[in-house]
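Assemble the complex: chain A is given as a structure, and chain B must be docked to it using the hints.
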Amino acid sequence: MPEPIRLKTPLRDEDVERLRIGDRVLISGILYTGRDAAHRRLFDLIKEGKELPFDIRGQIIYYVGPTPAPPGKVFGSAGPTTSYRMDAYSPALIERGLKGMIGKGMRSDSVKEAMRKYKAVYFAATGGAGALLAKRIKRAEIVAYEDLGSEAIHRLEVEDFPVIVINDIEGNDLYIEGEKRYRKT
Amino acid sequence: MREIDVRLITEKVKELCIRANTELGEDVLQAFDRAIEKEESLLAIEILKELKENARIAREERVPICQDTGVAVIFLEIGQNVRLVGGDLKEAIFEGVRKGYREGYLRKSMCHPFTRANTGDNTPAILHTEIVPGDKVKVIVAPKGGGSENMSRVVMLTPSDGIEGIKRYVVQRVKESGSNPCPPTIIGVGIGGNFEQAALLAKKSLLRPLGSRNPDPELDRLESELLEEINRLGIGPQGLGGRTTSLAVHILMMPCHIASLPLAVNIQCHAHRHKEIII
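Residue numbers (the working numbering), protein chains in the order written: chain A, 1 to 185; chain B, 186 to 464.
One chain only, chain A, in its complex shape:
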């Protein structure tokens, strides 16, 4: 098994161009968190032609709703949530420069098409590995929508955050290819 690729945010076109499905990647830098409610708000801002609460160009959004941080910890348990619920909003964000998304589960054709067109990738983090993933988060602060509680947009500083490439810019899908490879029916 090849060594993981190390990536630093923000991501440039050449960073995502070399990624292929099945690549293990360790991300260092910044991740923005966001799930259902935050996506809805970002999408509404775009529709109204307003500024987003952070510069989305080159950034990665992590679909997560953490547990509350206990005293002495930077962040609570923080594994990915299922991504398809963000599918309706993602193409508009990708069009505005979003380069990466981290979640779990398959994306819609329109998200995959947007990734191909504007050069973005979709990564999976291991669902249910919230305790392990939280240890890679070194700092956390809320940047928008504090009223949403665990769904607020946080800016996370991460070190060697482990993910796997699910969709690359060539339109490949690891969920489809992986299953095909091991199917015996």
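Read the hints as simulated data drawn from the structure, not as lab findings.
It cannot be assumed that every hint is accurate.
Stated by the list, open to error - For lysine to any residue, the following SDA-like pairs were computed, each having C-alpha atoms within a straight-line distance of at most 20 Å: (1) A:Lys135 with B:Lys323; (2) B:Lys323 with B:Leu228; (3) B:Lys234 with A:Arg24; (4) A:Lys184 with B:Leu228; (5) B:Lys293 with A:Ser150; (6) B:Lys293 with A:Asp36.
The structure displayed is predicted, hence computed values, not measured ones.
Below, chain B alone, put in the same frame as chain A:
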């Protein structure tokens, strides 16, 4: 009559909520080990090892195994010779959930179905109560995440569908769920009863220790056949391809109406959390 103060139950529910969410069962860890031995995909092996490491960190640092600390599903078995004193039992249990989720820094996930406004304390819990012989109270807390619950189904098959129809439906359900319920999963199957009983059987079947045999030889064989078929699908851990789509299939069955064949499939993610206590 033996008297039990419901305030004791509050404390026990609180502890069980925290322990269930931070201490993964030994049976699940052993099932990960067996899966690592059998797995052909290197990526799948990496993921299974990650899950073991995650469980170790959660236990040692007292942080939740998964950020989705779930709906608090609680099974209560109350001995018929017990007299509960000191307050309202249901309220005492809900108070235990409130305290557990607050003091354990667990995520509160219960919300209004329309407005999606969070109830703020993870209540109401889902409570299943049974009156049994004896003078003890058994409390099982089984937090259940949304991702795997969303992939679960109840279906009313026709009697002519038979065992083959049941197998087809269960395998198809796992196939269609793909990576969404966080595989490797445990598949709880309830057969018979009626509409709501089938769902309850499926959920209860999940409580049996992983690696244990079904006491009914016919169901035991059906469990093995289903597991083999499911693991031929190739979905694998996290849906990235591999031999380990499910760790186990568990079945509970009871008689049903002559016109019906109720079937429920309750999918459980690998963060298979439940803890119990007998008072």
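Hints versus structure:
1. A:Lys135 with B:Lys323: 36 Å, violated
2. B:Lys323 with B:Leu228: Violated - the C-alpha atoms of B:Leu228 and B:Lys323 are around 41 Å apart, more than 20 Å.
3. B:Lys234 with A:Arg24: It holds: about 15 Å lies between the C-alpha atoms, which stays within 20 Å.
4. A:Lys184 with B:Leu228: At roughly 18 Å apart (the allowed maximum being 20 Å), B:Leu228 and A:Lys184 satisfy the hint.
5. B:Lys293 with A:Ser150: 9 Å, holds
6. B:Lys293 with A:Asp36: 16 Å, holds
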